[in-house]
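Visitor: Start from the sequences and build out the full structure, keeping to the hints where you can.
Here the sequence shown stands for residues 24 to 114, where the numbers follow our numbering.
Keep in mind that the hints were calculated from the coordinates and are not lab data. Since this is a predicted model, take the numbers as computed values, not measurements. Each statement offered as a hint is correct.
Pair by pair, the computed Cβ-Cβ distance ranges are: (1) ARG42 <-> GLY102: 25 to 31 Å; (2) GLY102 <-> THR35: 31 to 37 Å; (3) THR61 <-> ALA82: 26 to 32 Å; (4) HIS101 <-> ARG78: 17 to 23 Å; (5) PRO111 <-> ASP53: 14 to 20 Å; (6) SER100 <-> ASP41: 30 to 36 Å; (7) SER31 <-> GLU88: 17 to 23 Å; (8) THR61 <-> GLY38: 25 to 31 Å; (9) GLU88 <-> SER57: 19 to 25 Å; (10) THR69 <-> ALA113: 20 to 26 Å.
Just so you know, even glycine gets a beta-carbon here, dropped at the ideal spot from N, CA and C.
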Amino acid sequence: MDPTTLESTLRTEFGATDRAAHVVARQARDLADSGQITSDFDYELTAAVVVSNLRDAPAEYSLVERWNWWLGSLELSHGGYEQFRIRPGAV
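Guide: This is the structure we're talking about:
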């Protein structure tokens, strides 16, 4: 996954700030590098997959809230995703 392309897509798709898009893209890259999505779901984590899942979050959520919402869902269903959440104050 190309984090630069993901950052740009996140800014455009969700109206995110540069900082928020950068932090989410970095976490997404770390998640992709971990192989956990591939292991749990048998597909590669791509920018399209990230954006698709973030679109499912409540519309009023910020980009970081959307990311944490998705990661919270993954944590509940499979476990092991808490480490990829974005902590308060990181953005």
